[in-house]
Amino acid sequence: MGDAFSWLYSDVVKDHFMNPKNVFNPDEGFEPDAQGMTGNVKCGDQMLFMLKLKDDVIEDVRWKTYGCASAIASTSMLSEVVKGLTIKDAYNIKPDDIAQRLGGLPDNKIHCSVLGDKALRAAIDDHLAKTGREGAFRNEGARIICTCLNVSDRDIEDAVKQGARDWEGLQARTKIGTVCGGCKKEAEELLHEYVHIFAEE
Amino acid sequence: MSSRRVYMDYNATTPLHPSVQEAMVRDLEIFANASSMHEDGRKARGRVEEARKAVAELIGCGDNPEQIVFTSGGSESNNTVFATMFHLGRKGPRRGIITSAIEHPCVLNAAKWLESEGFPVTFLKVDEYGKLDMSQLKASLGPDTLLVSIMAANNEIGTIQDMAEIGALAKASGAYFHSDATQAVGKIPVCADDWKADYLTMSCHKLYGPKGVGALYLRKGAPLEPLIRGGHQEHGHRAGTYNNIGILGFGQAARLAKEELPEYARRVFALRNKLRDGLVAAIPKVRVNGHPVNVLPNTLNLSFPGAEGEAILLYLDLAGIEVSTGSACASGSLEPSHVLLATGVGPELAHGSIRFSLGRATSEEDVDYIIEQLPPIIKRLRAMSTVEA
Ligand SMILES: Cc1ncc(COP(=O)(O)O)c(C=O)c1O
Ligand code: FES
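Just so you know, the protein sequences line up as chains A and B, in that order.
The C-terminal position of the first sequence is numbered 200 in numbering that gives the first Met the number 0, with every residue numbered one higher than the one before it.
The C-terminal position of the second sequence is numbered 388 in numbering that gives the first Met the number 0, with every residue numbered one higher than the one before it.
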């Protein structure tokens, strides 16, 4: 990638930023079956993802955000991609897939694009909870970060949601990195990311 | 992208004044080392000294141009002062450093460096308008205070401090007084003596001169520890072969800034207020940041609740309008503007802030164009926002 802003002017990104798809419009009367919210305004970005579902297939979606340009562009792209997918397939979409469809995002923008993906999963979790399957996809799409102790990115996310804010807090909850320590760098990056997205303070 | 470009980011940097550019191009052949004794060297040195006088005149000390030390810019000038304090504090009894929470990062980080070296550092609070808490200043000053460093005008919100009053308090306590006047010179009258400044920082690229040149005013007798050691240039205060062309560009920029100041300030302030009034009228719930009166004539900082700053900036950019934002996303860090947070606006308003900084070339049409382009952008972002405006 070139300079910090050149990504914005790829035709794909520009189109999604200029004309974001599936943005919620109150006049439309869109009635979601499930929805999920993530991020918080204090950190400068928040995302709400709404789903219309039939037999676990995503029929239509709407979203809203208080977020930056890459959050807008990537969520717009995500909202197009998930239509027609089963909730399981949608749950397994990786932020990287979306970034790639946008022609790549600079490193400092990846975290903004993760927001849409997290909100989508929160919405699917909401649907699962409403249909008596709470937590059913807990390990869907999870990626093992610590191979010694079998700790996944989802486990790190859960630990942060339960209050872990630093490496010690994360270790106290997951034991991550206490064997060979080889996972520390990647785990810390994820920890930082998730604290930004999920921590209230 | 729009073919129309409206540059409203003059606090970030300015284009060369045509007359500065002309002077620099005209004298480009003056290549000789200004320290050389031969004729060409003397000629180059002559230009450097003329520029020094012009810069001195800009801050009201034209009779003593030797008080001006040329540097590579505002960051270097500020760091030179803090490095000097490091050496003084290690030897002498005074070690306390007092600065404000809203300084430019080059002062904040220099102060934090001293803190990490064991110096007691106070970051003074500001009120909702960005004005220094004077009672906290008074309470913080003491026999241990080594330096008071307060910016004359803030780069983000434009708030101007009561410099003469702050200087008098600092001097009465026996401390050295430094002001980062980078954003003030050329925009408001600046007089180092009136402020009782021992040190004053300037940067040339903020006043229509070239980048990479600045100056440090050094009151006669004030100590200085060079940041860059080497030859005896600048009375040994700052080594390195003279940047002839940059320095003479600075001289010309300083002359023009002094000459044009009253007219510039009057014109730009009227345009700035027109922009403020137009946007406040066209967009609901705009917050005007910074001081309502004691503010740089060219600076307008607004917050748009419910809309995120980087998104606003980039929609404006696509419309050809160039501004800056206090949003975290744009800065690449996760924290929004430290200046706005210090004024107590809260992270949400800081993330949704936009700085318009006007300049010499700003026209009525530019202002009208923004008043036409921005309201639909805010409306649209608010419509898609999870946050109530
Ligand atoms: C208030 C203030 N101080 C210092 C600086 C740094 O000046 P320079 O870019 O010349 O290093 C700037 C410019 O960004 C500034 O606005
Ligand atoms: S991979 Fe995590 S401790 Fe070895």
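The hints are simulated quantities; they were obtained by calculation from the structure and are not laboratory data.
Heads up, a few of these hints could be off.
[To be verified] Beyond 12 Å from chain A on every Cβ pair, some chain B residues (computed):
no., residue
1, Asp-39
2, Leu-168
3, His-231
4, Asn-293
5, Ser-326
6, Glu-347
7, Leu-348
8, Thr-385
[Unchecked claim] In silico DSSO-like cross-links for lysine-lysine, where the CA-CA straight-line distance does not exceed 27 Å:
no., chain 1, residue 1, chain 2, residue 2
9, A, Lys-41, B, Lys-195
10, B, Lys-137, A, Lys-41
11, B, Lys-90, A, Lys-20
12, B, Lys-210, A, Lys-41
13, A, Lys-41, B, Lys-130
14, A, Lys-13, B, Lys-378
Ideal Cβ positions, reconstructed from N, Cα and C, are used throughout, including at glycine.
So, going through the hints one by one against the coordinates:
1. For Asp-39(B), the non-interface assignment is confirmed: its Cβ lies about 40 Å from the closest Cβ of chain A, beyond the 12 Å cut-off.
2. Interface exclusion of Leu-168(B) from chain A stands, the closest Cβ pair being 36 Å apart, more than 12 Å.
3. With 12 Å as the threshold on Cβ separation, the claim that His-231(B) sits away from chain A holds: the shortest Cβ distance comes to roughly 41 Å.
4. Taking the minimum C-beta to C-beta distance to chain A, about 29 Å, the non-interface status of Asn-293(B) holds against the 12 Å cut.
5. Not every beta carbon of chain A lies more than 12 Å from that of Ser-326(B), the smallest distance being close to 6 Å; the non-interface claim is violated.
6. Look at Glu-347(B): its CB is around 5 Å from the nearest CB on chain A, not clear of 12 Å, so calling it non-interface is violated.
7. Not every CB of chain A is more than 12 Å from the CB of Leu-348(B) (nearest about 10 Å), against its label as outside the interface.
8. The beta carbon of Thr-385(B) sits about 5 Å from the closest Cβ of chain A, which is not more than 12 Å, so the claim that it is off the interface is violated.
9. Taking the CA atoms of Lys-41(A) and Lys-195(B), the gap is about 41 Å. The hint is violated against a cut of 27 Å.
10. At roughly 33 Å between alpha-carbon atoms, Lys-137(B) and Lys-41(A) are farther apart than 27 Å, so this suggested pair is violated.
11. In summary, the hint linking Lys-90(B) to Lys-20(A) is not supported, as the alpha carbons are separated by about 65 Å, beyond the 27 Å threshold.
12. The hinted pair formed by Lys-210(B) and Lys-41(A) fails the criterion: a straight-line CA distance of about 36 Å is larger than 27 Å.
13. Proposed proximity of Lys-41(A) and Lys-130(B) is supported: the alpha carbons are some 24 Å apart, at most 27 Å.
14. Restraint check for Lys-13(A) and Lys-378(B): the C-alpha separation of about 19 Å stays at or below 27 Å, so the hint holds.
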